[in-house]
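Novice: Read off the chains here:
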Amino acid sequence: MSTSTETIEQLATREYKHGFYTDIEQEVIPRGLSEEIVRLISAKKQEPAWLLEWRLQAYRTWLTMKEPTWGNIKYGPIDYQNIIYYAAPKKKPALQSLDEVDPEIRRTFEKLGIPLEEQKLLSGVAVDAVFDSVSVATTFKEKLAELGIIFCSFSEAVQNHPELVRKYLGTVVPYSDNFFATLNSAVFSDGSFAYIPKGVRCPMELSTYFRINAKETGQFERTLIVADEGAYVSYLEGCTAPMRDENQLHAAVVELVALDNATIKYSTVQNWYPGDKDGKGGIYNFVTKRGKCAGVNSKITWTQVETGSAITWKYPGCILQGDNSIGEFYSVATTNNWQQADTGTKMIHLGKNTKSTIVSKGISAGHGQNTYRGLVRIAKGARSAHNYSQCDSLLIGDKCGAHTFPYLEIRNSSATVEHEASTSKIGEDQIFYCRQRGLSTEDAVNMIVSGFCKEVFRQLPMEFAVEAQKLLSVSLEGSVG
Amino acid sequence: MLKVRNLHARVAGREILRGIDLSIQHGEVHAIMGPNGSGKSTLARVLAGHPEYEVTEGEVLFEGEDLLDMDPEERARAGLFLAFQYPVEIPGLNNAYFLKAALNTMRKHRGEEELDAMEFMTLVRERMKQLDIDEAFLNRPVNEGFSGGEKKRNEIFQMAVVEPKLGILDETDSGLDIDALKIVANGVNAMRSAERTFLVVTHYQRLLNYIIPDVVHVLTDGRIVRSGGKELALELEDKGYGWLEEPVRG
Ligand SMILES: Nc1ncnc2c1ncn2[C@@H]1O[C@H](COP(=O)(O)OP(=O)(O)OP(=O)(O)O)[C@@H](O)[C@H]1O
Ligand SMILES: [Mg+2]
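These protein sequence lines are chains Z and W, in that order. Numbering-wise (the numbering used here), the first sequence opens with residue 1 and increments by one. Numbering-wise (the numbering used here), the second sequence opens with residue 482 and increments by one.
Keep in mind that the hints were calculated from the coordinates and are not lab data. Among the hints, erroneous ones may be present.
With a cut-off of at most 25 Å between alpha-carbon atoms, the simulated SDA-like pairs for lysine to any residue come out as follows [stated by the list, open to error]:
id	chain 1	residue 1	chain 2	residue 2
1	Z	K454	W	A582
2	Z	K470	W	T586
3	Z	K470	W	N575
4	Z	K454	W	E616
5	W	K589	Z	K425
6	Z	K425	Z	S473
Away from chain Z, derived, C-beta distances all over 12 Å, residues of chain W [what the hints assert, rightly or not]:
id	residue
7	H489
8	E496
9	L503
10	E533
11	V536
12	A559
13	F565
14	K589
15	G592
16	D597
17	P622
18	G630
19	D660
20	A671
21	E716
22	L725
Think of the CB as a built atom: it goes at the ideal place given N, C-alpha and C, for glycine as much as any other residue.
Isolated chain Z, as found in the complex (with noise of 0.2 Å):
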């Protein structure tokens, strides 16, 4: 599986002129959001009535629902009638060479080793492609057509597939869950969408698809998978390289379905700009996760790596539905300078003998306040339903904040519910011991960060979990010293 994974992200290194989006023509909409308005969205993406229909019951909810308060951020107010809620995806102005591209950047891009190639694809330089692109697209497409799985965006979904699109859109994360998943369901602009179909294994990792696209992921994406009966997939999102974005607002929504014996894992690398070093500009992300093992022994796995952003607002969770099934998340959130995060995950215990495993990891350095908030819920019916906490705090040095606020709602007293934190400090020993072993500082707090982490990165595939590593010591650099 790795030779085939490894050939095709050769290919796609390569890959640069149309992913596999479909090209929309340059398209821009008034500002500002009305019914008018996801009307027109939904017009231009030519979707069916039911799907309007759902969009504009949205949009109707979210006008009686105001923003959350609740989180431990901090940012100004959100101006939703000064958005743009639909433009068709920019072309990035063609560069000549590397050369034009913003040192900052090239930096940051050799420090992750990712190679020219693929340097040249995320920053919109003209390559030369040696393999055409719709080939790349088709090989992969092929692969997993053979097998029955659907691998599309969601808009191609819409078209192509709409009795799956409609049985499971919404089952998850229904459009009137929060503030900012309503948002997103009324004027969502893309995403992907992923069917396994019975018994069926995805023999690779859809990563590669990601590091092409990731550019291309638009303010509001939606996302949709649905592992079939004894089906398994593995998920990657996201690139470790850094995204820059103009729309500081990103609401997305993913939803995960599982059914009888299916496993997904789910794997997030997110490193969206976090602002300046005086907290200046940045994404505010704020995202609706959440996974559902609809079927017996199901399996669904959050593993996220959050460096980037302002603000990030995030509780990947799982209803654990099916008896015998299992819900895990494994976090790692850094926040530097002014970056704050408020992140964590939700286990909805509702059939028996249903497991979760929660393992959290919050780094704040400089400035950067970092929240852990975790729900565990079990429900009457849950017998013998168990929960593993773990949420561990590091604080590099002593302007930096972490938080943790753990709930907890036990319905069953049949349940076993485990929960350990520890906050620590980078130590001035720890550092120093290092540096008598002829490190430097940095590589000391490296080393010591990627110990810490070390439970979640064990969850990441292998090439992904290399390139994380090295993703959080940039985010780190200069935190120390």
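Given the coordinates of chain Z, assemble chain W with the ligands onto it according to the supplied hints.
Specialist: Then chain W with the ligands, alone, in the frame of chain Z:
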């Protein structure tokens, strides 16, 4: 190879080292003994460059270079190794990974090829055998959950891998059982050579039965009050430190 002249150092607003003079030649082993709190570990940390300690007076030459002008990592790369009295734990950080990185920065500094994983493992296995260390050690996090004795042994193991020019052992014998003490002493002895120098801080004459010192110094209250041959250690064992209260000058 190491020349310490009138070294004064303070920490937390208090002067701890109050004029240390010490001269060690290549290949020698010097022992430092002295009561609790007399400044032995402080001397070791100051030599290694711990940022918390402020040198207020004096100079230190290491192989002719101004040691005090170097960062801790530069000192380490130049061949100064400190086996800590209290080695710190680094949770989650793999011992082998850590040691390989350390060794390779030092090799790079010496202009030697960095070792790849295979070469590193070959070297490390050999050293582990010498020091009777279990291979499982390698895959454990640095010092995390190690017993007191294991931590000490790990320090000597690291020293044996990076092969420094000067090894400073701060009470490496404390906490070791008798067998471990012999193993560690043998390990140190195996490293002794005409080029390699050791500064051994200890409370117990017993260690010096195995690692035979050329010179024994007594440190009390931030000063070296007496220096002598290995017999001095025996005398101390017998009489304690009381009789040395009055510094001997000259
Ligand atoms: N970081 C520090 N902050 C405050 N005081 C310190 C610090 N380091 C050392 N001291 C003080 O300096 C004095 C000497 O300490 P040091 O650790 O050098 O003693 P020692 O000779 O190694 O003792 P022992 O035999 O118990 O190991 C002690 O009084 C100690 O409390
Ligand atoms: Mg001491």
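Novice: Each of the hints needs a verdict: does it hold here or not?
Specialist: Verification of the hints:
{"no.": "1", "hint": "K454/Z <-> A582/W", "in the structure": "17 Å, holds"}
{"no.": "2", "hint": "K470/Z <-> T586/W", "in the structure": "18 Å, holds"}
{"no.": "3", "hint": "K470/Z <-> N575/W", "in the structure": "17 Å, holds"}
{"no.": "4", "hint": "K454/Z <-> E616/W", "in the structure": "21 Å, holds"}
{"no.": "5", "hint": "K589/W <-> K425/Z", "in the structure": "30 Å, violated"}
{"no.": "6", "hint": "K425/Z <-> S473/Z", "in the structure": "17 Å, holds"}
{"no.": "7", "hint": "H489", "in the structure": "21 Å, holds"}
{"no.": "8", "hint": "E496", "in the structure": "21 Å, holds"}
{"no.": "9", "hint": "L503", "in the structure": "20 Å, holds"}
{"no.": "10", "hint": "E533", "in the structure": "7 Å, violated"}
{"no.": "11", "hint": "V536", "in the structure": "16 Å, holds"}
{"no.": "12", "hint": "A559", "in the structure": "9 Å, violated"}
{"no.": "13", "hint": "F565", "in the structure": "7 Å, violated"}
{"no.": "14", "hint": "K589", "in the structure": "9 Å, violated"}
{"no.": "15", "hint": "G592", "in the structure": "14 Å, holds"}
{"no.": "16", "hint": "D597", "in the structure": "16 Å, holds"}
{"no.": "17", "hint": "P622", "in the structure": "6 Å, violated"}
{"no.": "18", "hint": "G630", "in the structure": "18 Å, holds"}
{"no.": "19", "hint": "D660", "in the structure": "27 Å, holds"}
{"no.": "20", "hint": "A671", "in the structure": "21 Å, holds"}
{"no.": "21", "hint": "E716", "in the structure": "33 Å, holds"}
{"no.": "22", "hint": "L725", "in the structure": "31 Å, holds"}
Figure legend: structure checked against the earlier numbered hints; hints not met, in rising order: 5, 10, 12, 13, 14, 17.
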